[in-house]
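Asks: UniProt numbering puts the first residue of the sequence shown at 1, with every later residue one more than the last.
Since the hints were derived computationally from the structure, they do not count as laboratory data.
Worth double-checking, as some hints may not be accurate.
Stated by the list, open to error - Cut-off 30 angstroms, straight-line C-alpha distance, at most; resulting in silico cross-link-like pairs (DSS-like, lysine-lysine):
#: 1; residue 1: Lys-10; residue 2: Lys-116
#: 2; residue 1: Lys-101; residue 2: Lys-22
#: 3; residue 1: Lys-10; residue 2: Lys-22
#: 4; residue 1: Lys-116; residue 2: Lys-178
#: 5; residue 1: Lys-116; residue 2: Lys-101
#: 6; residue 1: Lys-178; residue 2: Lys-203
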Amino acid sequence: MHRSMEMISKGDLIGTLYECAKAVDNHDVAMTDWLISQLQQMVSVSGEPVQRLGAYMLEGLIAWLASSGSSIYKALRCRDPTGPELLTYLHILYEACPYFKFGYESANGAIAEAVKNERFVHIIDFQISQGGQWVSLIRALGARPGGPPRVRITGIDDPRSSFARQGGLELVGERLGKLAEMYGVPFEFRGAALCCTEVEIEKLGVRNSEALAVNFPLVLHHMPDESVTNQPLVTSCAWR
């Protein structure tokens, strides 16, 4: 008790969380309840980084005690941004952070290298947004020695993002189609307005005759693996 009170008096959030976890592990109900009441005054989901982290760790301890992990997870899940918000955030991030541009260019470079000898290429983009990532790749494929391949892009995006791009996925296809025509790249676009977690292999139009590239910009962590779904999306795409 003395150690816990000392940490609380110093405002030692991490140390107090540790003491609370120890009390939980020792099944010390009285100490656990008291420390939780103290920690609730020290954490904040909108405070400093350590306060936000502490808030989620505290909720995790409470969820463990109440055996209510799934409901707590749903309650804590971050609010998805609206379409206009998403576009604004991405634009600011792209302009301010060179790593964002680097990610796009690195992905495009890896795809270009992987399909350098392919005549038919299918790209599945799990967050097509405005399709801006593919401008440099289409340009590069148009200048490829021996001629460009036939490129097919399946663009997946949340239907709510249509507000961000000022129209539906068909507008993305039109823009990329005009760009591909400018660079002499045979092009086909297919939009899929659904959340990335709702994607099924049948909706992707995968063809065995095409080299397949899959792009997960900032959404891979949302994709369920085989431990939570009986649809093995990754292993069923017939990669080559």
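Asks: Hint by hint, say whether it matches the structure.
Replies: Now the hints, each set against the structure:
Only pairs whose Cα atoms come within 30 angstroms are accepted, and Lys-10 paired with Lys-116 is rejected, the gap being roughly 61 angstroms. Note on Lys-101 and Lys-22: the hinted pairing is violated, with a Cα-Cα distance of about 44 angstroms set against a maximum of 30 angstroms. About 19 angstroms separates the Cα atoms of Lys-10 and Lys-22, which keeps this hinted pair within 30 angstroms; it holds. Between Lys-116 and Lys-178 the CA atoms are separated by roughly 23 angstroms; this keeps the pair inside 30 angstroms, and the hint holds.
Note on Lys-116 and Lys-101: the hinted pairing holds, with a Cα-Cα distance of about 22 angstroms set against a maximum of 30 angstroms. Between the alpha carbons of Lys-178 and Lys-203 the distance comes to roughly 25 angstroms, so the proposed pair stays at or under 30 angstroms and holds.
Hint violations for this structure: numbers 1 and 2, all remaining hints satisfied.
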